[in-house]
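Given the structure of chain H, go ahead and fit chain X onto it with the hints provided.
As given, the protein sequences belong to chains H and X, one line each in that order.
The opening position of the first sequence corresponds to residue 16 in the working numbering, with each subsequent residue numbered one higher.
The opening position of the second sequence corresponds to residue 127 in the working numbering, with each subsequent residue numbered one higher.
Quick caveat, the hints were computed from the structure, so don't treat them as lab data.
Ideal Cβ placement from N, Cα and C applies to all residues, glycine included.
Check the hints yourself; a few may be wrong.
Unchecked claim - Facing chain X, according to a computed beta carbon distance under 10 angstroms, are these residues of chain H, among others:
# : residue
1 : V19
2 : Q21
3 : I66
4 : K114
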Amino acid sequence: AQRVTQPEKLLSVFKGAPVELKCNYSYSGSPELFWYVQYSRQRLQLLLRHISRESIKGFTADLNKGETSFHLKKPFAQEEDSAMYYCALSGQRAGGYQKVTFGIGTKLQVIP
Amino acid sequence: DAMVIQNPRYQVTQFGKPVTLSCSQTLNHNVMYWYQQKSSQAPKLLFHYYDKDFNNEADTPDNFQSRRPNTSFCFLDIRSPGLGDAAMYLCATSRVKKLFFGSGTQLSVL
Chain H
16 AQRVTQPEKL LSVFKGAPVE LKCNYSYSGS PELFWYVQYS RQRLQLLLRH
66 ISRESIKGFT ADLNKGETSF HLKKPFAQEE DSAMYYCALS GQRAGGYQKV
116 TFGIGTKLQV IP
Chain X
127 DAMVIQNPRY QVTQFGKPVT LSCSQTLNHN VMYWYQQKSS QAPKLLFHYY
177 DKDFNNEADT PDNFQSRRPN TSFCFLDIRS PGLGDAAMYL CATSRVKKLF
227 FGSGTQLSVL
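Only chain X is shown next, with the shape it has when bound in the complex:
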């Protein structure tokens, strides 16, 4: 099945240790998003790509970076994770304004 795949499902990192979360898609969609969702909160948009055009939300911390080397893959880099960055990270693609989500990566920061 064509889909959005996120790896790993659970990621544990140490305070201040860089971590990368991965997302791939077989849908061939132009747009890819990264959302952060903390417990009992709404998914919050961090940034998105339209093809290779990168769009950062104004309130996304500089600690968060992203790369999209090709249509299929997108990465979320957290340069120096803090305890407050522990959350579920959701990757999504979109077509005709409909979002297709991955299963998410639950990040824990020790």
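So that you can see chain H by itself, here it is in the shape it has in the complex:
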């Protein structure tokens, strides 16, 4: 089974403070990890994926297979970062298709 855990439902930080959204996963194979974001009144959209090793809107995430974690980080929070963030895992299923499992989400609130 594949599982994604986001331990914090709500994270409040002050503008300019560092942000770390935690994500841990459980998967027996080699996973692909993603962060999706949903801004107020917008659709869920991809923020970044671990294989790209990129920084999007100042956010980065490193896959740590030893700790089975994929935490999302940003050194200086901005008000426009306030949103719902979902960690997701794509795992191989029987039949060859990919199943994407989501965590419960963390609401990031950046206080001006």
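Only chain X this time, still in chain H's reference frame:
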């Protein structure tokens, strides 16, 4: 803009009255998904299509059915909605493992 479109944005139905939710895409992606998301919960995969091949999740209730008449359209049919089926229903397509979501349909069951 190419995108995933869900109609309607809000749907109200009565307990036990069949309801159909619609999804269309202009991305020409092979894979389409339906997720159910209840308040403060993770989106939960109900089923997906790879082209016309239908894949049902083991824990998806029989009350939920789906149709995909062509590449562009996919429908979610709830045969006899119960109060517990009130949720946001998300349609998504995928390419290279990246998901593209619609805005969702919020279903209320009275």
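Is the hint on V19(H) kept, meaning its closest Cβ partner in chain X is under 10 angstroms away?
holds, 7 angstroms
Is the interface hint satisfied for K114(H)? The criterion is a beta-carbon contact with chain X at less than 10 angstroms.
The hint holds - K114(H) has a Cβ within 10 angstroms of chain X, the shortest such distance being about 6 angstroms.
Close enough to count: is the Cβ of I66(H) nearer than 10 angstroms to one in chain X?
holds, 9 angstroms
Checking hints one by one. Is Q21(H) an interface residue toward chain X, by the C-beta closer than 10 angstroms rule?
holds, 8 angstroms
Consistency note: the structure conflicts with none of the earlier hints.
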